[in-house]
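A.B. asks: For reference, the chains in residue letters:
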Amino acid sequence: MTELQALGLSVDLGSRHALARIDLTLRPGRLTVIVGPNGAGKTTLMRALAGLLEPTGGQVILAGQPVARMEGAERARAIAYLPQGGSVAWPLPVFDVVALGRLPHGEKPDGLSSRGREAVAAAIRAVGLEDFTNRAATELSGGERARVLLARALATQAPLLLADEPVAALDPRHQLVVLDVLKRQARAGRTVAAVMHDLTLAARFADEIILLSQGRVAASGAPEAVLTEEGLAAHFGIQAHVSHDGGRLVVVADRPLPASGRRDT
Amino acid sequence: MRAAPGPASRPGARPPCRAFLDDIGRRGCYPGRDKINSRMRPSRLSLTLGLVLLIGGLSAASLVIGPAPIAPVRAMTALVSDQGAATIVVRDIRLPRTLLALLIGWIFGLTGAGLQGLLRNPLADTAVFGAPQAAAFGAVLVIYSGLVGALSWMLPFAAILGALASVALVVAVAGRRATVVVLVLSGLAVGSLAGAGTSLAISLSPNPFAVTEIVFWLLGSFEDRSMVHVWLAAPFIVAASGLVLASSNGLRALALGEETARSLGANVTRLRLLLVAGAAIGTGASVAVAGSIGFVGLVAPHLVRPFAGYDPARTLAPAGLAGAALLLAADCAVRLIPSQTEIKVGVLTAILGVPFFLWVIARRKAELSEMPA
Chain A
1 MTELQALGLS VDLGSRHALA RIDLTLRPGR LTVIVGPNGA GKTTLMRALA
51 GLLEPTGGQV ILAGQPVARM EGAERARAIA YLPQGGSVAW PLPVFDVVAL
101 GRLPHGEKPD GLSSRGREAV AAAIRAVGLE DFTNRAATEL SGGERARVLL
151 ARALATQAPL LLADEPVAAL DPRHQLVVLD VLKRQARAGR TVAAVMHDLT
201 LAARFADEII LLSQGRVAAS GAPEAVLTEE GLAAHFGIQA HVSHDGGRLV
251 VVADRPLPAS GRRDT
Chain B
1 MRAAPGPASR PGARPPCRAF LDDIGRRGCY PGRDKINSRM RPSRLSLTLG
51 LVLLIGGLSA ASLVIGPAPI APVRAMTALV SDQGAATIVV RDIRLPRTLL
101 ALLIGWIFGL TGAGLQGLLR NPLADTAVFG APQAAAFGAV LVIYSGLVGA
151 LSWMLPFAAI LGALASVALV VAVAGRRATV VVLVLSGLAV GSLAGAGTSL
201 AISLSPNPFA VTEIVFWLLG SFEDRSMVHV WLAAPFIVAA SGLVLASSNG
251 LRALALGEET ARSLGANVTR LRLLLVAGAA IGTGASVAVA GSIGFVGLVA
301 PHLVRPFAGY DPARTLAPAG LAGAALLLAA DCAVRLIPSQ TEIKVGVLTA
351 ILGVPFFLWV IARRKAELSE MPA
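First to last, the sequence lines map onto chains A and B. 82 is the number that our numbering gives to position 82 of the first sequence; each next residue is one higher, with no gaps. 200 is the number that our numbering gives to position 200 of the second sequence; each next residue is one higher, with no gaps.
Okay, chain A solo, but in the shape it has when bound (with noise of 0.2 Å):
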C-alpha cells in the first residue's frame, strides 16, 4: 500500500517550530487538500512529507518504510513532488522538461526506454500538451508552464503526488485543468496531496481537506466538516459566508476579522 503517514511530525524552522506533532494520513485515491493561512507551515509540512526536510522529530512512513531512510532515487521515484512557483532555466523543448521525472528510473531525456517514452507521452497527454512538445518551456504562458511542471511530476509514475500550490497564479480555466489532473491521478489510485488557498475550489475537488493552523493540524476531514464559518473565522482570521450552491460548497471571504479576534496572525 503507498499510504503515506506522518507521525508525530515536528520541523523547526531556526528558532521556529514550524510544524508541531503532526499527525496525518495521505490514503491512496484520494485527493487530499491542505489549506491554511500564510506562514501555518504548508510548504514546510509539503517538503516534510516529501522527504526533502529532515524532521526535527517524529517520521514521515511510507508504505511501512521511514521516508528519512529512503536513498536519494529510491525516494524520488516514490514521491513525485510540485513545488511551489516552479520554473525552467533553460529553454528546453516541453518534452525534455518532462522527461526529466524518469531521472529517477536512471532515463535521460535523450536516453529513455520504450518504457519511459510512455510515461513521459502519457504525462504529456494527461496536461493536454501534445501540441507543445517541441516548443521552448520557457517560452510559454505560466498556465502552460504549470501543466509542464506537473506533467514532469507525473512522467515519474510514482504512486505519491505532492504538489504544493499547483494552482497558484493560474487563470480559473487553468485550475481547473489541473485539478481535474490531480482528481484524476487519484482517481487512477493515486496519493495526491495539494497545498490549495481558493477554499471554494478545495472543496470541490478534495476528497479531504487538512487545515493547518501554526503549525497543527486545526482539523481535518470531509470540505463540509473543516470548512466552516467557525472555522475559517478562528484560523484565518475572516469573517466568511459559507453556502452549499446546489450541493456544492461556496466560501465568500466578507471581510478580515480584527486581529485580537484571531488565533492566528
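Source of the hints: derived by calculation from the structure; they are not laboratory data. C-beta atoms are modelled at their ideal positions from N, C-alpha and C, and glycine is treated no differently. Do not rely on the hints blindly, as some may be mistaken.
[What the hints assert, rightly or not] Taking lysine to any residue and the SDA-like style, the derived pairs with C-alpha atoms no more than 25 Å apart in a straight line are:
no., chain 1, residue 1, chain 2, residue 2
1, A, K183, A, D23
2, A, K108, B, G242
3, A, K108, B, E258
4, A, K183, A, A169
5, A, K108, B, R44
6, A, K108, B, R335
7, A, K108, B, R270
8, A, K108, A, P91
9, A, K183, A, A259
10, A, K108, B, G257
11, A, K108, B, S43
12, A, K108, B, V173
13, A, K108, B, A246
14, A, K108, B, I343
15, A, K108, B, P306
16, A, K108, B, F209
17, A, K108, B, A172
18, A, K108, B, L273
19, A, K108, B, F307
20, A, K108, B, R272
21, A, K183, A, V250
22, A, K108, A, L52
23, A, K183, A, H17
24, A, K108, A, E74
25, A, K108, A, A73
26, A, K183, B, E259
27, A, K108, B, S145
28, A, K108, B, E342
29, A, K108, A, I61
30, A, K108, B, V354
31, A, K108, B, L245
32, A, K108, B, M76
33, A, K108, B, N267
34, A, K108, B, V181
[Stated by the list, open to error] Quick partial rundown of chain B residues pointing at chain A, CB under 7 Å, derived from the structure:
no., residue
35, R120
36, F216
37, G265
38, T269
39, L273
Could you slot chain B onto chain A? The hints should help.
C.D. replies: Using the frame of chain A, we list chain B on its own:
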C-alpha cells in the same frame, strides 16, 4: 510501489499505445526531424565530430606556426622522427604550448558550462567567483615568499587553494540564493582583493627582473612553456574534468530548480561540491602554468548551445571541446599577429571576450534581472 497505476492506466483513458507515440513521431515532435533538428535538438554527434576535426586542424597549425619557418610536412615529420633543429622546435617549444592550450581551453570550457548549469545562469564563469585572480595571487604568494621556484608542484596547489578560497568567500558573502547582481558584485570584489594582493606582492618585490617576469606571467601566455608545465597541470585538469563530468545528471535535474532536483533524487550539495571543486582545481592548475586567461569558459558554452541544445549535461563535453579549439585558435592568432613581441593570449581572449560578455548581457538582460543565481 513501482507497479502502481500510471496516468495512462486511469479508467477510461486510452492505454499508452504505439499509435500515440508514432503520431508524435510523425508530427516531428520527438526525436523530431525538422523543427527540433533545426532549433532544439540538432545532432550532437556531428557537432562533436566537427569540433574534433577543428581541433585536429588547429593542432597541426599550431605545430607549424611560429617564428622559425618550418614547412607543414617537415613539422609533422619532425614531430615523429628526429629532424635536428626542427624536431627541437616542434617537440620542445610548439608541442607543449599546443597541449597546454588544448588542456586549459578544455577545462575552461567544461567548467564554464558546468558553472552556468549550476547557477542556472548563462553569465557564470570561474571569473564570476574571482577565481583566476585569486589563483594567480596564490601562486604569486608562493613564488614571492621564496618557498619554491616557478616550476614546482607547490605552484598548482597554491593556485588551487587561492581559487577555492575565492569561491568560498564569494559563496559565503553572497549566499547560495544570491541574485546574479549580488554574485557578480561579490566576485568582482573578491577578484579585486586578490588583484590588490598580487599588486602588493609585486610592489614589495626587491627584484625588478622578477617583477617583469611575474607581470608578463599574469597576462596569460603559452610562450616558452615546456613539457614540465604540461605534466604539472595535466593531472589536475584530468581530475577536475572527472569532477565536472560526474555532475552531469544532477545538472539536468537542476534545470528545474534546486527543490525539484532534490525531489528527483539529485544530491544538490554533492553536485555543488563537485562543480566548485572541479572549477577551482581546473582554474588553479591552469593559472599556475599559463597565468590569467579569461572568458574562454564564458564564451564556449554559448557557442555550442545552438547545436548541442540547452540541456546543461549535453553542453559539457562540447563546451570543453569548443574551449580547446577557441584557446588554441587564439594561441595561433597571437603568433600570427605582427608585433615586436608576441601578444599575450590572455590579452587577446579578454579583448574578444569582454564584448561577447556585454553582448550576452544586452541580449538577455530582461530575464537576467529576475533570475536567481
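A.B. asks: For every hint, state whether the structure bears it out.
C.D. replies: Structure-based check of each hint:
no.	hint	in the structure
1	A:K183 x A:D23	23 Å, holds
2	A:K108 x B:G242	20 Å, holds
3	A:K108 x B:E258	18 Å, holds
4	A:K183 x A:A169	19 Å, holds
5	A:K108 x B:R44	15 Å, holds
6	A:K108 x B:R335	43 Å, violated
7	A:K108 x B:R270	19 Å, holds
8	A:K108 x A:P91	17 Å, holds
9	A:K183 x A:A259	36 Å, violated
10	A:K108 x B:G257	17 Å, holds
11	A:K108 x B:S43	16 Å, holds
12	A:K108 x B:V173	35 Å, violated
13	A:K108 x B:A246	14 Å, holds
14	A:K108 x B:I343	45 Å, violated
15	A:K108 x B:P306	20 Å, holds
16	A:K108 x B:F209	55 Å, violated
17	A:K108 x B:A172	33 Å, violated
18	A:K108 x B:L273	22 Å, holds
19	A:K108 x B:F307	19 Å, holds
20	A:K108 x B:R272	20 Å, holds
21	A:K183 x A:V250	19 Å, holds
22	A:K108 x A:L52	22 Å, holds
23	A:K183 x A:H17	32 Å, violated
24	A:K108 x A:E74	16 Å, holds
25	A:K108 x A:A73	14 Å, holds
26	A:K183 x B:E259	24 Å, holds
27	A:K108 x B:S145	50 Å, violated
28	A:K108 x B:E342	47 Å, violated
29	A:K108 x A:I61	29 Å, violated
30	A:K108 x B:V354	35 Å, violated
31	A:K108 x B:L245	15 Å, holds
32	A:K108 x B:M76	42 Å, violated
33	A:K108 x B:N267	17 Å, holds
34	A:K108 x B:V181	33 Å, violated
35	R120	4 Å, holds
36	F216	39 Å, violated
37	G265	3 Å, holds
38	T269	11 Å, violated
39	L273	15 Å, violated
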